[in-house]
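Protein chains: 2
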Amino acid sequence: MVKIFVHPLNEYDVLVTTPGPASQHTVRRHNCALVLDAVAATPGVSRAGVAARTGLTKATVSTLVDRLVTASLVREEGRQHRSGPGRRGTSLSLSPDGPCGLGVEIGVDYLATCLMGLTGEVRDEHVRRIDNRDTPASRVLSRVAAELRGALQRAEREGLTVGGVGVAVPGLVEAPSGRVLVAPNLGWENIDLAAGLRTGVLDLPGELVVGNEANLAAVAELDAMRRGEETAPASFVHVSGEIGIGAGIVLDGALFDGANGFGGELGHFPVRPRGPRCSCGAVGCLERLAGQDAILSSAGADDVDDLVSRLDAGERTAVAAVRSAGRLLGSALSAVVNLLDIPAIVLGGTYARLYPWLADPLSAELSCRVMGSRWRPVEVRRSALGADAAVRGAAASALRAVLTDPDTYIASRTARSGSGIGATSG
Amino acid sequence: MVKIFVHPLNEYDVLVTTPGPASQHTVRRHNCALVLDAVAATPGVSRAGVAARTGLTKATVSTLVDRLVTASLVREEGRQHRSGPGRRGTSLSLSPDGPCGLGVEIGVDYLATCLMGLTGEVRDEHVRRIDNRDTPASRVLSRVAAELRGALQRAEREGLTVGGVGVAVPGLVEAPSGRVLVAPNLGWENIDLAAGLRTGVLDLPGELVVGNEANLAAVAELDAMRRGEETAPASFVHVSGEIGIGAGIVLDGALFDGANGFGGELGHFPVRPRGPRCSCGAVGCLERLAGQDAILSSAGADDVDDLVSRLDAGERTAVAAVRSAGRLLGSALSAVVNLLDIPAIVLGGTYARLYPWLADPLSAELSCRVMGSRWRPVEVRRSALGADAAVRGAAASALRAVLTDPDTYIASRTARSGSGIGATSG
Numbered sequence: 001m002v003k004i005f006v007h008p009l010n011e012y013d014v015l016v017t018t019p020g021p022a023s024q025h026t027v028r029r030h031n032c033a034l035v036l037d038a039v040a041a042t043p044g045v046s047r048a049g050v051a052a053r054t055g056l057t058k059a060t061v062s063t064l065v066d067r068l069v070t071a072s073l074v075r076e077e078g079r080q081h082r083s084g085p086g087r088r089g090t091s092l093s094l095s096p097d098g099p100c101g102l103g104v105e106i107g108v109d110y111l112a113t114c115l116m117g118l119t120g121e122v123r124d125e126h127v128r129r130i131d132n133r134d135t136p137a138s139r140v141l142s143r144v145a146a147e148l149r150g151a152l153q154r155a156e157r158e159g160l161t162v163g164g165v166g167v168a169v170p171g172l173v174e175a176p177s178g179r180v181l182v183a184p185n186l187g188w189e190n191i192d193l194a195a196g197l198r199t200g201v202l203d204l205p206g207e208l209v210v211g212n213e214a215n216l217a218a219v220a221e222l223d224a225m226r227r228g229e230e231t232a233p234a235s236f237v238h239v240s241g242e243i244g245i246g247a248g249i250v251l252d253g254a255l256f257d258g259a260n261g262f263g264g265e266l267g268h269f270p271v272r273p274r275g276p277r278c279s280c281g282a283v284g285c286l287e288r289l290a291g292q293d294a295i296l297s298s299a300g301a302d303d304v305d306d307l308v309s310r311l312d313a314g315e316r317t318a319v320a321a322v323r324s325a326g327r328l329l330g331s332a333l334s335a336v337v338n339l340l341d342i343p344a345i346v347l348g349g350t351y352a353r354l355y356p357w358l359a360d361p362l363s364a365e366l367s368c369r370v371m372g373s374r375w376r377p378v379e380v381r382r383s384a385l386g387a388d389a390a391v392r393g394a395a396a397s398a399l400r401a402v403l404t405d406p407d408t409y410i411a412s413r414t415a416r417s418g419s420g421i422g423a424t425s426g
Numbered sequence: 001m002v003k004i005f006v007h008p009l010n011e012y013d014v015l016v017t018t019p020g021p022a023s024q025h026t027v028r029r030h031n032c033a034l035v036l037d038a039v040a041a042t043p044g045v046s047r048a049g050v051a052a053r054t055g056l057t058k059a060t061v062s063t064l065v066d067r068l069v070t071a072s073l074v075r076e077e078g079r080q081h082r083s084g085p086g087r088r089g090t091s092l093s094l095s096p097d098g099p100c101g102l103g104v105e106i107g108v109d110y111l112a113t114c115l116m117g118l119t120g121e122v123r124d125e126h127v128r129r130i131d132n133r134d135t136p137a138s139r140v141l142s143r144v145a146a147e148l149r150g151a152l153q154r155a156e157r158e159g160l161t162v163g164g165v166g167v168a169v170p171g172l173v174e175a176p177s178g179r180v181l182v183a184p185n186l187g188w189e190n191i192d193l194a195a196g197l198r199t200g201v202l203d204l205p206g207e208l209v210v211g212n213e214a215n216l217a218a219v220a221e222l223d224a225m226r227r228g229e230e231t232a233p234a235s236f237v238h239v240s241g242e243i244g245i246g247a248g249i250v251l252d253g254a255l256f257d258g259a260n261g262f263g264g265e266l267g268h269f270p271v272r273p274r275g276p277r278c279s280c281g282a283v284g285c286l287e288r289l290a291g292q293d294a295i296l297s298s299a300g301a302d303d304v305d306d307l308v309s310r311l312d313a314g315e316r317t318a319v320a321a322v323r324s325a326g327r328l329l330g331s332a333l334s335a336v337v338n339l340l341d342i343p344a345i346v347l348g349g350t351y352a353r354l355y356p357w358l359a360d361p362l363s364a365e366l367s368c369r370v371m372g373s374r375w376r377p378v379e380v381r382r383s384a385l386g387a388d389a390a391v392r393g394a395a396a397s398a399l400r401a402v403l404t405d406p407d408t409y410i411a412s413r414t415a416r417s418g419s420g421i422g423a424t425s426g
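Heads up: the sequence lines are chains G and F, in that order.
Per the UniProt record's numbering, the first sequence starts with residue 1, numbered consecutively.
Per the UniProt record's numbering, the second sequence starts with residue 1, numbered consecutively.
None of these hints come from the bench; they were simulated from the model.
Any given hint could turn out to be false.
[Said to hold, decoys possible] The calculated label-pair distances, taken between Cβ atoms and stated as ranges, are:
#1 G:Val-69 x F:Ser-177: 51 to 59 Å
#2 F:Arg-374 x G:Glu-156: 36 to 44 Å
#3 G:Asp-305 x F:Gly-228: 56 to 64 Å
#4 F:Leu-202 x G:Trp-375: 28 to 36 Å
#5 G:Asp-293 x F:Cys-368: 18 to 26 Å
#6 G:Pro-96 x F:Glu-379: 43 to 51 Å
#7 F:Glu-379 x G:Glu-189: 38 to 46 Å
#8 F:Ser-297 x G:Ala-41: 37 to 45 Å
#9 F:Pro-43 x G:Arg-323: 54 to 62 Å
[Unchecked claim] Some residues of chain F that are not near chain G, with every Cβ distance over 12 Å (derived):
#10 Ala-146
#11 Val-201
#12 Asp-303
#13 Ser-363
For every residue, glycine included, the Cβ atom is placed at its ideal position computed from N, Cα and C.
Isolated chain G, as found in the complex (with noise of 0.2 Å):
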């Protein structure tokens, strides 16, 4: 589900460069995360497979596997199954048994929270519609502090291992430090959303990895994707349509996020030189055109149930809100596969909903705009998780920092049965 990139590594090879009584942690650290990144890529595969897919010899394998079994990270099949010409395996792949991330969403309009387990399947899922606009960061952080503990106690009275925190905001993060720059749907400027977690919840369990929601919730999709069909486009842009618009960039199965992880910022864009002023400083800004809120005041509904209500009785108002946001959708994303020549759009978020009645203007307008699309049409699909992809792409960062470090996690789970907090976080 998670894609971890790592080399081999031999004693030698650290001891070279990293001399000293750390080396030899070093090297099964390194070495644990590449045996189970093997076992996620080729779910199924035996010990002698996994060996020959990682250069490691036969007896660190399975010493490695044990280790990873022993924590529930590595389910082992009992049926033996032909490995090759006269051997025989066991096979290994993610425990779904195995910890869980826990993610949660800072939406504009609501609080959403996820548990999700190493092969994806999620375990709970709630979602609190409430207004963070014009409330204190610090209020709201408390509100989201309140998701987290309710989320682990649920975990704890499931018997559900959490391995760690995965936040979606709907603004620019600087990476290493989870700092929110500017979240301007919010009203938020320079917030220390991981210090102010990390005090809201005691005990927080594992890593905590702050996001940007659609960078997230296109990771997401890219993961169902893969899960769910074979001939998944490697590269597309998705588009989480709510108060505001962002966008996830994935080329050729990667996220792509820029220079300092800014990028995607698609709600911005251009669309009337004189238009309405933006929560951003600028004007006629696509998300205060095209945007969940401008959508349902031009359709005069009350909510996105209220539109899809009156979408679904062919009513002529919010037929033409729809119809005309998806014009200037378009007209936005033509410009984006101009520069990008990127094969596929995928509508996420409130879009996903609003599809059967967007998907149309907004392919017209790409089949007008796009240079190249008389030979390669562009690929308008609606997103598979719709509303719950940042979410889901939260517990899922959560989950990548216990697939990148097994060891570590290893450890801290180790340390907390031995000091009696228990294996189970809460």
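For this one, chain G is given, so just place chain F on it according to the hints.
Just chain F, lined up with the frame of chain G:
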């Protein structure tokens, strides 16, 4: 100058997959490219250094270096230098006396040719002002063929060998065939450029490579930055401002041109919902409002030289016309930076000449509209090559064909010598 990525092969590697008499040649061909790449990447390297870098034996490296020196691809410098403790070796670098790439650019209002040596030095450059609009494609191809013949004759007079030909066109190019799918500003659709030129110039030397002018310009700019300075940005957008507007996106030191090579089409960015109709069929495209013709027309200038005189004289209409284009261009580029989080913009083509008047309004728009600009300001720089970038990129693309497969180049030269055509083309 040109970056090549090749991996070491030994005879065994190839014999496994392609048994038979061809293998020996395939191995040599691959290793020859590998050695040349090592010399290109580390000018001044010794034979021992090449062996260490490539993993080939010193004996193999020596044989291949001798072959490359004989073909004037590599220069061996007489003076000895210390390459390691107790060892001495001659220093190897790409030969300035080696083959030239012949580049030709088909501009909307000019045809340019350039002969460029392996180390990037320009041996001959020629620009013919001629309007190629409203002219049958076959007529334009005849003009291009005449320019190519002229350049080949000049090369012969100067004793230069031409290793291949690169063509830059302002349109979408189908990558392997060299067919131009569409070039709106030339009025071209589905033109088999490669076939047309091979018919128009008998005995065209080496490979014929066709590419998009804006993408080739960006690559030339990248090469020039690498030669000229240590602190060149690894990622940037190069904007080619001519009658049309194109862009080339460089990410982490390599051109990014999308799934089909159609990327970088910035000219048809929608800037006015009810703007004038563009040659592409849509309305309100950036190049119709901020391209060279639009600026000249607003400024009341006859051509770019006239415009620059008026700007130098501080003529208000001229300054206002350029500033207005700068704001529109800045608005479009803000969307590009918000999307890609790219740290630098390079203004090329005519925009390089207009830089002193264009940069400020453009930068002001970026500061206002780019979400992350407060934390990471976007650098706006002037192209070092200006209007010459695309034709130089075309010449470099022809050289790349030689550099990635030197053995085939050497074999074709030997064949030519044998049949009495001679090593110099013409």
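> So which of those numbered hints doesn't the model satisfy?
Replying inline: 7, 8
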